[in-house]
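Enquirer: Each chain, letter by letter, is given below.
Protein chains: 2
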Amino acid sequence: MPSFPAAASADLSRPDGSPVRVLVVDDEAALSDLLSMALRYEGWEVRTAADGAGALRAARDARPDAVVLDVMLPDMDGLEVLARLRRDAPDVPVLFLTAKDAVEDRIAGLTAGGDDYVTKPFSLEEVVARLRGLMRRSGAAAARSESMLVVGDLVLNEDSHEVYRGDDSIHLTATEFELLRFLMRNPRRVLSKAQILDRVWSYDFGGQANVVELYISYLRRKIDAGRAPMIHTRRGAGYLIKPGETA
Amino acid sequence: MPSFPAAASADLSRPDGSPVRVLVVDDEAALSDLLSMALRYEGWEVRTAADGAGALRAARDARPDAVVLDVMLPDMDGLEVLARLRRDAPDVPVLFLTAKDAVEDRIAGLTAGGDDYVTKPFSLEEVVARLRGLMRRSGAAAARSESMLVVGDLVLNEDSHEVYRGDDSIHLTATEFELLRFLMRNPRRVLSKAQILDRVWSYDFGGQANVVELYISYLRRKIDAGRAPMIHTRRGAGYLIKPGETA
DNA sequence: CGGCTACCTGTGAATCTCCTGAGAAACGGC
DNA sequence: GCCGTTTCTCAGGAGATTCACAGGTAGCCG
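Residue numbers (our numbering), protein chains in the order written: chain A, 1 to 247; chain B, 1 to 247.
It is worth saying that the hints were derived from the structure and are not from the lab. For every residue, glycine included, the Cβ atom is placed at its ideal position computed from N, Cα and C. A few of these clues could be false.
Derived pair list, reagent style DSSO-like, types lysine-lysine, alpha-carbon separation capped at 30 angstroms [to be verified]:
hint, chain 1, residue 1, chain 2, residue 2
1, B, Lys222, B, Lys242
2, B, Lys100, B, Lys120
3, B, Lys120, B, Lys193
4, B, Lys100, A, Lys222
5, A, Lys242, A, Lys100
6, B, Lys100, B, Lys242
7, B, Lys222, B, Lys193
8, A, Lys100, B, Lys193
9, B, Lys120, A, Lys222
10, B, Lys222, A, Lys120
11, B, Lys193, B, Lys242
12, A, Lys242, A, Lys222
Not close to chain B: a few residues of chain A, all C-beta gaps over 10 angstroms, as computed [unchecked claim]:
hint, residue
13, Pro90
14, Gly114
15, Gly166
16, Thr233
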């Protein structure tokens, strides 16, 4: 497992400067570990629980700033955990993890309060991005800072999913968007293909590693076409994005 | 996939700047929780009660700016709660929750005083909209909040339910209207089908997620027909509304 | 300069998402 | 109760997206 760069962009941190605390609730140890690792690399403090009861206990003790919650737990239904969680901590944002096929019926109501969810198998980038979004917005009535990533004249808006290079609007597919977001969250930093694969693709992706090359190629065609290139290859190491050297 | 809409733009808040306080009275915990979440998400401060006695107590303590009141409570009739509520707080607007088949005439009496009601199962958008309307009219909250939503040349009037694109009046069905309202309350933000389903459709809707696609299709036919499209699809992510890129 | 390796990218197929017409069912006004 | 309207299911089809494969290209080393 490659080591991750810490998040670069405007860091969420609590008013008193202490680190953000996240509670991860999942009974599958492998997933729980994977998530913990990824969230710790974001600089967040992670605590885990394996069932609903443990989650409620942990929530009470640790007073997390956000919760990642698997809707399928051995002892409790997701809705129930949510309801009881809300009794103690009405404002904690919750990110649900759910199986792909469960989406249609069980999600109903879960996201109604501004919470969010991702379906398994998810990509770590997605989880992190969603968590950031949730926390940003739960920062009660905090000025609606638009979640924009900016590198040189390249601008990515996470809310509207719009991307601009200079004045030109650029259409990206879902995967391209996530890849670019990952690059832009780590500007001027070399990211290996393995890292990219780990973060941007779902954890169960079993394909060829050269999808990354392929998508880098797609991105270049769209954002670097005819302009000063911002996506650079470090042969044998990986890729990085940085503003063009142009004036 | 989705990141969440923040509360709508024109924010209701009390003259002194403190958050709006809403009291939710319902004996069904699930509903009460769902409502609390949705209302908190609007930036309001929510307090709950499970019966008439509790409601009166809470009303006295918390002096809410609005009350959401289930007409069927274990200990008291809705009429009675209302009457006694009014003794303490003659001007608090009340939104009644009532079963579909409940006698219309009694409700009619209840709402004669400027209150309003919604029938179960309701959609969260509807409850929120009604509450906003009540508070706006009661004048308790700041009056500056418009009942109009404007995105580009598209105008939606929440009071009259009129919709105009430019000079053309557009007739929408109830569901179309709520969907458009939700989109317009979150302009330039990608809303996932799940989010839309959660907010616009009733909490007990168990159908196919592609109703959303269907209604988006209807809306486009009515508001985008022949014009610069304002409703956009973000494949794999959701939909968003934004003004056309007018020259 | 030759060869090795890493990277780039055209092609095409499988898959997935979304759009929309048709019609059934539920609703509402009279 | 009847009829127009609205809501929703279903299914086909168009088109976008993802990805494997493979041949081409460029850096790097001796």
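Enquirer: Would you mind marking each hint as holding or not holding in the structure?
Expert: Results of checking the hints against the structure:
no. : hint                 : verdict
1   : B:Lys222 to B:Lys242 : 16 angstroms, holds
2   : B:Lys100 to B:Lys120 : 6 angstroms, holds
3   : B:Lys120 to B:Lys193 : 22 angstroms, holds
4   : B:Lys100 to A:Lys222 : 53 angstroms, violated
5   : A:Lys242 to A:Lys100 : 36 angstroms, violated
6   : B:Lys100 to B:Lys242 : 36 angstroms, violated
7   : B:Lys222 to B:Lys193 : 20 angstroms, holds
8   : A:Lys100 to B:Lys193 : 14 angstroms, holds
9   : B:Lys120 to A:Lys222 : 49 angstroms, violated
10  : B:Lys222 to A:Lys120 : 36 angstroms, violated
11  : B:Lys193 to B:Lys242 : 17 angstroms, holds
12  : A:Lys242 to A:Lys222 : 16 angstroms, holds
13  : Pro90                : 6 angstroms, violated
14  : Gly114               : 4 angstroms, violated
15  : Gly166               : 15 angstroms, holds
16  : Thr233               : 27 angstroms, holds
The structure shown violates the earlier hints numbered 4, 5, 6, 9, 10, 13 and 14.
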